[in-house]
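J.: Between the sequences and the hints, there should be enough to build the whole structure, so can you do that?
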Amino acid sequence: MRIANWKAINILIVPAAARAHAGIAGPFTQLTFPKFQTLVWLEAENSSLFVEEERAVEGYEAVVKALGAVSLDEDRSMELIARLQEINETREAQHREEDNSFPPS
Numbered sequence: 649m650r651i652a653n654w655k656a657i658n659i660l661i662v663p664a665a666a667r668a669h670a671g672i673a674g675p676f677t678q679l680t681f682p683k684f685q686t687l688v689w690l691e692a693e694n695s696s697l698f699v700e701e702e703r704a705v706e707g708y709e710a711v712v713k714a715l716g717a718v719s720l721d722e723d724r725s726m727e728l729i730a731r732l733q734e735i736n737e738t739r740e741a742q743h744r745e746e747d748n749s750f751p752p753s
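The numbering used here applies: residue 649 is where the sequence shown begins, and numbers increase by one.
In short, the hints are calculated from the structure, not lab data. For clarity, every value in this text was computed on a predicted model and none was experimentally measured. Each hint should be verified, as a subset may be incorrect.
With a cut-off of at most 20 Å between alpha-carbon atoms, the simulated DMTMM-like pairs for lysine to aspartate or glutamate come out as follows [stated by the list, open to error]: (1) Lys683 <-> Glu709; (2) Lys713 <-> Glu734; (3) Lys683 <-> Glu702; (4) Lys713 <-> Glu746; (5) Lys683 <-> Glu700; (6) Lys713 <-> Glu701; (7) Lys713 <-> Glu702; (8) Lys713 <-> Asp723; (9) Lys683 <-> Glu701.
T.: Here you go:
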């Protein structure tokens with residue numbers, strides 16, 4: 649959650665209800681710089697790739713724009729992350745309590 653406070657970071661969640669969407673092909677990171685060309689970083693299991701060819705980058709920019717149309721806004725995305733984090737912490741606490749009761753006396 650700390651990274652979400654950085655000015656250059658935008659975290660937007662695409663809800664499952666959006667079904668098929670432009671980003672479903674896989675994750676990527678768009679890197680924009682004030683004085684340099686935009687790059688796209690693709691990461692796979694055993695490799696990664698920087699995409700710098702202008703037309704390819706434009707394709708990813710179109711995906712970002714399309715995702716913006718179906719994603720939650722930043723506030724709603726962060727609220728959802730916070731709720732899910734609370735649920736996860738509650739479940740972890742319950743599991744710790746269950747683990748502490750083993751073995752039964």
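J.: So, for every hint listed, does it hold in this structure?
T.: So, going through the hints one by one against the coordinates:
1. Lys683 <-> Glu709: holds, 18 Å
2. Lys713 <-> Glu734: violated, 30 Å
3. Lys683 <-> Glu702: holds, 15 Å
4. Lys713 <-> Glu746: violated, 46 Å
5. Lys683 <-> Glu700: At roughly 15 Å apart (the allowed maximum being 20 Å), glutamate 700 and lysine 683 satisfy the hint.
6. Lys713 <-> Glu701: It holds: about 19 Å lies between the C-alpha atoms, which stays within 20 Å.
7. Lys713 <-> Glu702: holds, 16 Å
8. Lys713 <-> Asp723: Cα-Cα ~18 Å, so holds.
9. Lys683 <-> Glu701: holds, 17 Å
In the structure shown, a violation is registered for the earlier hints numbered 2 and 4, in ascending order.
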